[in-house]
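Asks: What follows is each chain in one-letter form.
There are 4 protein chains.
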Amino acid sequence: MLPTSINAIEAYSGANGILKKVKKGSLLIDSGTIDPMVSKELAKEVEKMGAVFMDAPVSGGVGAARSGNLTFMVGGVEEEFAAAQELLGCMGSNVVRCGDVGTGQAVKICNNLLLAISMIGTAEAMNLGIRLGLDPKLLAKILNMSSGRCWSSDTYNPVPGVMDGVPSANNYQGGFGTTLMAKDLGLAQDSATSTKSPILLGSQAHQIYRMMCAKGYSKKDFSSVFQFL
Amino acid sequence: MLPTSINAIEAYSGANGILKKVKKGSLLIDSGTIDPMVSKELAKEVEKMGAVFMDAPVSGGVGAARSGNLTFMVGGVEEEFAAAQELLGCMGSNVVRCGDVGTGQAVKICNNLLLAISMIGTAEAMNLGIRLGLDPKLLAKILNMSSGRCWSSDTYNPVPGVMDGVPSANNYQGGFGTTLMAKDLGLAQDSATSTKSPILLGSQAHQIYRMMCAKGYSKKDFSSVFQFL
Amino acid sequence: MLPTSINAIEAYSGANGILKKVKKGSLLIDSGTIDPMVSKELAKEVEKMGAVFMDAPVSGGVGAARSGNLTFMVGGVEEEFAAAQELLGCMGSNVVRCGDVGTGQAVKICNNLLLAISMIGTAEAMNLGIRLGLDPKLLAKILNMSSGRCWSSDTYNPVPGVMDGVPSANNYQGGFGTTLMAKDLGLAQDSATSTKSPILLGSQAHQIYRMMCAKGYSKKDFSSVFQFL
Amino acid sequence: MLPTSINAIEAYSGANGILKKVKKGSLLIDSGTIDPMVSKELAKEVEKMGAVFMDAPVSGGVGAARSGNLTFMVGGVEEEFAAAQELLGCMGSNVVRCGDVGTGQAVKICNNLLLAISMIGTAEAMNLGIRLGLDPKLLAKILNMSSGRCWSSDTYNPVPGVMDGVPSANNYQGGFGTTLMAKDLGLAQDSATSTKSPILLGSQAHQIYRMMCAKGYSKKDFSSVFQFL
Numbered sequence: 000m001l002p003t004s005i006n007a008i009e010a011y012s013g014a015n016g017i018l019k020k021v022k023k024g025s026l027l028i029d030s031g032t033i034d035p036m037v038s039k040e041l042a043k044e045v046e047k048m049g050a051v052f053m054d055a056p057v058s059g060g061v062g063a064a065r066s067g068n069l070t071f072m073v074g075g076v077e078e079e080f081a082a083a084q085e086l087l088g089c090m091g092s093n094v095v096r097c098g099d100v101g102t103g104q105a106v107k108i109c110n111n112l113l114l115a116i117s118m119i120g121t122a123e124a125m126n127l128g129i130r131l132g133l134d135p136k137l138l139a140k141i142l143n144m145s146s147g148r149c150w151s152s153d154t155y156n157p158v159p160g161v162m163d164g165v166p167s168a169n170n171y172q173g174g175f176g177t178t179l180m181a182k183d184l185g186l187a188q189d190s191a192t193s194t195k196s197p198i199l200l201g202s203q204a205h206q207i208y209r210m211m212c213a214k215g216y217s218k219k220d221f222s223s224v225f226q227f228l
Numbered sequence: 000m001l002p003t004s005i006n007a008i009e010a011y012s013g014a015n016g017i018l019k020k021v022k023k024g025s026l027l028i029d030s031g032t033i034d035p036m037v038s039k040e041l042a043k044e045v046e047k048m049g050a051v052f053m054d055a056p057v058s059g060g061v062g063a064a065r066s067g068n069l070t071f072m073v074g075g076v077e078e079e080f081a082a083a084q085e086l087l088g089c090m091g092s093n094v095v096r097c098g099d100v101g102t103g104q105a106v107k108i109c110n111n112l113l114l115a116i117s118m119i120g121t122a123e124a125m126n127l128g129i130r131l132g133l134d135p136k137l138l139a140k141i142l143n144m145s146s147g148r149c150w151s152s153d154t155y156n157p158v159p160g161v162m163d164g165v166p167s168a169n170n171y172q173g174g175f176g177t178t179l180m181a182k183d184l185g186l187a188q189d190s191a192t193s194t195k196s197p198i199l200l201g202s203q204a205h206q207i208y209r210m211m212c213a214k215g216y217s218k219k220d221f222s223s224v225f226q227f228l
Numbered sequence: 000m001l002p003t004s005i006n007a008i009e010a011y012s013g014a015n016g017i018l019k020k021v022k023k024g025s026l027l028i029d030s031g032t033i034d035p036m037v038s039k040e041l042a043k044e045v046e047k048m049g050a051v052f053m054d055a056p057v058s059g060g061v062g063a064a065r066s067g068n069l070t071f072m073v074g075g076v077e078e079e080f081a082a083a084q085e086l087l088g089c090m091g092s093n094v095v096r097c098g099d100v101g102t103g104q105a106v107k108i109c110n111n112l113l114l115a116i117s118m119i120g121t122a123e124a125m126n127l128g129i130r131l132g133l134d135p136k137l138l139a140k141i142l143n144m145s146s147g148r149c150w151s152s153d154t155y156n157p158v159p160g161v162m163d164g165v166p167s168a169n170n171y172q173g174g175f176g177t178t179l180m181a182k183d184l185g186l187a188q189d190s191a192t193s194t195k196s197p198i199l200l201g202s203q204a205h206q207i208y209r210m211m212c213a214k215g216y217s218k219k220d221f222s223s224v225f226q227f228l
Numbered sequence: 000m001l002p003t004s005i006n007a008i009e010a011y012s013g014a015n016g017i018l019k020k021v022k023k024g025s026l027l028i029d030s031g032t033i034d035p036m037v038s039k040e041l042a043k044e045v046e047k048m049g050a051v052f053m054d055a056p057v058s059g060g061v062g063a064a065r066s067g068n069l070t071f072m073v074g075g076v077e078e079e080f081a082a083a084q085e086l087l088g089c090m091g092s093n094v095v096r097c098g099d100v101g102t103g104q105a106v107k108i109c110n111n112l113l114l115a116i117s118m119i120g121t122a123e124a125m126n127l128g129i130r131l132g133l134d135p136k137l138l139a140k141i142l143n144m145s146s147g148r149c150w151s152s153d154t155y156n157p158v159p160g161v162m163d164g165v166p167s168a169n170n171y172q173g174g175f176g177t178t179l180m181a182k183d184l185g186l187a188q189d190s191a192t193s194t195k196s197p198i199l200l201g202s203q204a205h206q207i208y209r210m211m212c213a214k215g216y217s218k219k220d221f222s223s224v225f226q227f228l
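As they're listed, the protein sequences go chains A, B, C and D. Under numbering that gives the first Met the number 0, the first residue of the first sequence carries the number 0, and numbering increases by one thereafter. Under numbering that gives the first Met the number 0, the first residue of the second sequence carries the number 0, and numbering increases by one thereafter. Under numbering that gives the first Met the number 0, the first residue of the third sequence carries the number 0, and numbering increases by one thereafter. Under numbering that gives the first Met the number 0, the first residue of the fourth sequence carries the number 0, and numbering increases by one thereafter.
The following block holds chain A by itself, in its conformation from the complex (with noise of 0.2 Å):
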């Protein structure tokens, strides 16, 4: 599980790397968050190899890895997923094939997108209402039975005082770190300048993130954004 895609690559195309020594029908699982045509053309030079290579990024954070109740993403051939769940399962209580090789990582780009996204409207539409004069409790409690509800909203809310056992409740440290965000997002705009995909909130949800790393937020939970707002 390494951080960035170069790292990836330098880990199996390396002069030391696993592709040098890798046994035929070894089964390979990269659980980085990396973008998927890395991941596509890593399984392509692993097969060469005869062995198979699947990408498996997870959600859930510190808390879910210790608990082993990460959710893991995978992309790979039908015919070897029961073993990777087999190893997975013990890691993590949801494990999810989506298709072949890179969907994984596509899966986990997608949820990081609208993750990101539906945090900063979080942010906004609270922030919004307390300088409208709204109690934020009562707020949170209304958007959470109505329209505007979301995982940000209801379980991991920016505001802090709403919610107990959240990084909002405790200065936003812990968590997924702002830094995090901005790079999978910068890998969500790389998929989407790649495929032409318009994403005109995405976009700015990047360029956000981006401008709260240079503004000392870099090592704080992503619903920090609600502090920078």
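Accuracy of the hints is not assured; some may be wrong.
As the list makes no split between identical chains, a pair holds if one copy fits it or if it spans any two.
[To be verified] Cross-link-like lysine-lysine pairs, in silico, DSS-like; alpha carbons within 25 Å at most:
| id | residue 1 | residue 2 |
| --- | --- | --- |
| 1 | Lys23 | Lys43 |
| 2 | Lys195 | Lys218 |
| 3 | Lys39 | Lys182 |
| 4 | Lys47 | Lys22 |
| 5 | Lys195 | Lys136 |
| 6 | Lys20 | Lys39 |
| 7 | Lys136 | Lys39 |
Treat the hints as calculated values from the structure; they're not laboratory data.
Knowing the structure of chain A, use the given hints to seat chains B, C and D on it.
Replies: Relative to the frame of chain A, chains B, C and D by itself:
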């Protein structure tokens, strides 16, 4: 329940307006979605006549209205809320007091701001995923058990073929029109400008719905942003 | 030349307002930047008193005011324009009639909308170029002989060290404050909402200047967006 | 002068590529607009063969190419610049050295980023002004003597009827196609992501041109954004 702030002002303050003839002690409830500043102004005028004004915008759409399951977000003095609740309970299953006059509007505006943002976000994420080769039903299923989950993805998915009984399953007919969403986002924009609240994604969502209105989507449901992208 | 629409309304329609005492035949010229709808309203009231109202917002800043080189954008009836021109010519080297009442404001708003967008664009392009290893002076020089050229790049460059005698050469002091730009963009936003004109970049520029005001840039020149980025 | 980074890589490194047969001491000049990182990679490979590589993207369009008045933005070692200048001077009236390999691309990308932003800004401001009742010719005239002035407003105005001899006077035929602008903004986006530079308006401009390509504007001049709005 009139469409704009101007209509409401005329109904109350116009030549043959309500303010000319209202009896002392009357309870006046306005369920249109209008500028909260206007609600406050009207409440002051009504108070001068010895009557009581409340704002009580609704959510839920045509379906909920038919079945008496609307949500009413009520702004007004606490002492009169029980009376309002009795009346509104005939049409709605949720009648929530949000605070003093204007707060019903404020909550409605914040909800629809977040709704518009998460709907466009859902459309962008689903569209990107499809172009990356994912099956839309599978993608929606995984998003809905992950942190990208929102009402627009799990209850009102904008991609044809993913869900039944929603406007996207019926060529985006019925539902909540793009023009109405553009109008509500105009109110959010005005409130944000007057309270100096930054709404980076919200103002972009506003502009996107404005453009859609000009491009032939005005009568379609607001989830048609998927088709537009 | 009052700062907001509300101030202008009070100066005219307030308890001791101009409308109470204005003599027939007077020529009233308002040089504040306000909502063109308000200018039109005031003109109607003034006309009822037998006087004439014109809107004549200025551009050029403190320097041009000192040297009598302001530009006045005038909206008002053609017959009275010569009289206005004579007066305004004492302070301005350009006195342009833009059409009937309100058009002076409309031109001012459109100019500042485009100005804000091209200033932020210049800041983004210069910043990106510098991070790509370009010399800022050389980059500015080439932009200014190419299709990226604009007033913000060739006359008021936001990058310290590129030009002399501009706010960026003086720690962004003096010039046209970020708060004032945010205010003018608020007027542009209101005009765009009421005429249903899409301003995708304009509304984003508005939000960026709003954020800057909240982040300690309110008193700096609006070219400090380079520093903010 | 090939359309994409991938084409350039193939022309140099492909099975029958230039790198296979290039003679020592050759001067290789690439005038396509591609990723500056790719230019640098190619330069390294070329150097290994004992030859010299320069990037020299152009601006000016078909008209300037015909009349030999192109602008060349050159990146490459200083010692060889005189030789390049002699060749490129046959086609261009401006041949500017921007620094080492890759800087020609960097300048081109920054220019087109700013160009796209100011073109969309001009379209938004002109459109808003027209809807506010202004005469487009008069509005353009005043903008062009004010701080909103830019190449898109004074040399290439996007509103039909304002200027002669530009694409907007000819149903947006000829000129610089929307697809090409979307491509260059994709390069700007990639450069911004890899250097972690925030480009808030730039990424929005990118998405707008992407949407235009999907909506039937791909072959029209990029000033057709006025028509799109």
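Asks: Among all the numbered hints in the text so far, which are the ones the structure does not match?
Replies: none
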